Amino acid sequence: MSNDNPTFVPTMLQDAVNWAQKYSLFTYPFATACCAMEFMSTMGARYDIARFGAEFPRFSPRQADLLIVIGTITERQAPILRRVYDQMPDPKWVMAFGVCASTGGFYQNYTVTPGADQVIPVDVYVPGCPPRPEQVLDGLMALQNRIQEHRGHVQAELGNTAAIGYRDRRHLPVLSDGTSMTLGPDERMPKDGRVR
Amino acid sequence: MAQRVLDILQQRVPDAIIEAGSYVGDEMALVERDQLLSVLTLLRDDPELDFSMLTDLTVVDWLELSPRFEVIYQLYSVRLKHRVRIKVGVDEARPEVPTATSLWFAAAWAEREAWDLYGVRFTGHPDLRRILMYDEFKGHPLRKDYPQNARQPLIRRPDAPSTDDQTTRLLANSHDRRTE
Numbered sequence: 001m002s003n004d005n006p007t008f009v010p011t012m013l014q015d016a017v018n019w020a021q022k023y024s025l026f027t028y029p030f031a032t033a034c035c036a037m038e039f040m041s042t043m044g045a046r047y048d049i050a051r052f053g054a055e056f057p058r059f060s061p062r063q064a065d066l067l068i069v070i071g072t073i074t075e076r077q078a079p080i081l082r083r084v085y086d087q088m089p090d091p092k093w094v095m096a097f098g099v100c101a102s103t104g105g106f107y108q109n110y111t112v113t114p115g116a117d118q119v120i121p122v123d124v125y126v127p128g129c130p131p132r133p134e135q136v137l138d139g140l141m142a143l144q145n146r147i148q149e150h151r152g153h154v155q156a157e158l159g160n161t162a163a164i165g166y167r168d169r170r171h172l173p174v175l176s177d178g179t180s181m182t183l184g185p186d187e188r189m190p191k192d193g194r195v196r
Numbered sequence: 001m002a003q004r005v006l007d008i009l010q011q012r013v014p015d016a017i018i019e020a021g022s023y024v025g026d027e028m029a030l031v032e033r034d035q036l037l038s039v040l041t042l043l044r045d046d047p048e049l050d051f052s053m054l055t056d057l058t059v060v061d062w063l064e065l066s067p068r069f070e071v072i073y074q075l076y077s078v079r080l081k082h083r084v085r086i087k088v089g090v091d092e093a094r095p096e097v098p099t100a101t102s103l104w105f106a107a108a109w110a111e112r113e114a115w116d117l118y119g120v121r122f123t124g125h126p127d128l129r130r131i132l133m134y135d136e137f138k139g140h141p142l143r144k145d146y147p148q149n150a151r152q153p154l155i156r157r158p159d160a161p162s163t164d165d166q167t168t169r170l171l172a173n174s175h176d177r178r179t180e
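The listed protein sequences derive, respectively, from chains X and C. Heads up, the first sequence is in my numbering, so the first residue is 1 and it goes up one at a time. Heads up, the second sequence is in my numbering, so the first residue is 1 and it goes up one at a time.
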């Protein structure tokens, strides 16, 4: 250490913090579909994600720093995923597990969101339908390298500064053509009616 | 096996039956919409028929045909162990069918699903709301002229490319496709 390099100690400290973070990822599995089976396999003894320090799933997003989006995200579920992401404390990372979470996969239709990155920023995309556990571990190691290098979100690195915000269509009363997104009053039946 | 069911229907309500037949062991009867409820009531209450259970209620969109929609009731008799399929044609101009919730409680959610996805209205239904899609959704996605690429997201990141204009255009043009 010399006096003409005053950033040396903070840099070493940051490296140590990054090292600690990358080997104690607390995961929140947002499991919505069949990929969850492969996630269980990854968690299990044979592939053993504990070797990489990420073995402890937290079932509250407030205690997690790695959100793993496992499976198909529907348009109806997208606001829930966004809320889960918003509840996680910084620093936080997101892994898209499988093609459905990455791009929507083969669901090119009215009901599936074409990728979790339409709603939240994603750091690592793991392809596969479902991905092999080795692929998941590979993706985790790629994320750990990213954390060690202190590079932050992929989206931020791409210059995507708006990655944090979102808008909620439910607050929009009308579409651009002037029509309402909600059912008209004549299309709703009284909610207090009961069958029989 | 359920040919006997069709025979009874032909005897009791001959005016209501447009067509009756059997295909690979499934008995089917196409009935007049005006007499649908009386036929269903007969099917449920007659001791020789005794269809105590509505297995499923679905819709088929034939798009080019008239009437465009067919509402299909799959019935099963728990006691007599026979099945029958009742169909009723529904126009595109007035897609309405009387509700079967007064006969089978199971029809309540099935009719909500049929309304949600096909836009067939069940008159007299006590709570006809969408059941699978969200309230903000526009149109009925399983209709054959619902545009495949239309997206109606609830939320998007502000930097995501908007699909609003494309979706609005697709939805506006969707009803012209049949005349092409």
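Hints should not be assumed to be uniformly reliable.
What the hints assert, rightly or not - Have a look at the derived ranges for each label pair, beta carbon to beta carbon:
1. Pro57(X) x Leu132(C): 28 to 34 Å
2. Gly21(C) x Gly44(X): 53 to 59 Å
3. Asp56(C) x Asp138(X): 43 to 49 Å
4. Arg132(X) x Tyr76(C): 41 to 47 Å
5. Asp138(X) x Ala93(C): 53 to 59 Å
As the list claims (entries may be wrong) - A short list of chain C residues far from chain X (calculated; beta carbon distances all over 12 Å):
6. Leu6
7. Asp26
8. Val39
9. Ser52
10. Thr55
11. Pro67
12. Ile72
13. Ala93
14. Arg94
15. Glu136
16. Pro141
17. Leu142
18. Ala150
The hints are simulated quantities; they were obtained by calculation from the structure and are not laboratory data. On a predicted model such as this, the values are computed, not experimentally measured, just so you know. Even for Gly, the Cβ is constructed at its ideal location relative to N, Cα and C.
Outcome of the hint check:
A hinted range of 28 to 34 Å for the beta carbons of Pro57(X) and Leu132(C) is consistent with their spacing of about 29 Å. Here the CB-CB span from Gly21(C) to Gly44(X) is close to 54 Å, well matched to the stated 53 to 59 Å. Distance hint check for Asp56(C) and Asp138(X): the Cβ-Cβ separation is about 45 Å, which falls inside the suggested range of 43 to 49 Å. Separated by about 44 Å at the C-beta atoms, Arg132(X) and Tyr76(C) satisfy the suggested range of 41 to 47 Å.
For Asp138(X) and Ala93(C), the Cβ-Cβ distance of about 57 Å falls inside the hinted range of 53 to 59 Å, so the restraint holds. For Leu6(C), the non-interface assignment is confirmed: its Cβ lies about 30 Å from the closest Cβ of chain X, beyond the 12 Å cut-off. Asp26(C), annotated as away from the interface, keeps every beta carbon of chain X farther than 12 Å; the closest lies near 29 Å. Consistency note on Val39(C): stated as away from chain X, and its beta-carbon is indeed over 12 Å from all of that chain's, at 21 Å minimum.
Interface exclusion of Ser52(C) from chain X stands, the closest Cβ pair being 16 Å apart, more than 12 Å. Taking the minimum C-beta to C-beta distance to chain X, about 18 Å, the non-interface status of Thr55(C) holds against the 12 Å cut. At roughly 22 Å from the closest C-beta of chain X, the C-beta of Pro67(C) stays outside 12 Å, upholding its exclusion from the interface. The claim that Ile72(C) lies off the interface holds: its Cβ sits roughly 21 Å from the closest Cβ of chain X, which is beyond the 12 Å cut-off.
The claim that Ala93(C) is not at the interface with chain X holds, since no C-beta of that chain comes within 12 Å of its own (minimum 17 Å). With a closest Cβ-Cβ approach of about 15 Å to chain X, Arg94(C) is found to remain outside the 12 Å limit, as its non-interface label requires. Against chain X, the non-interface label of Glu136(C) is violated: not every CB pair exceeds 12 Å, the least being about 4 Å. Residue-level check failed: Pro141(C) sits 4 Å from the nearest beta carbon of chain X, not beyond 12 Å.
Leu142(C), annotated as away from the interface, has a beta carbon of chain X within 12 Å; the closest lies near 9 Å. The beta carbon of Ala150(C) is not kept farther than 12 Å from every beta carbon of chain X, the shortest such distance being approximately 6 Å.
This entry does not satisfy hints 15, 16, 17, 18, going by the numbered hints stated previously.
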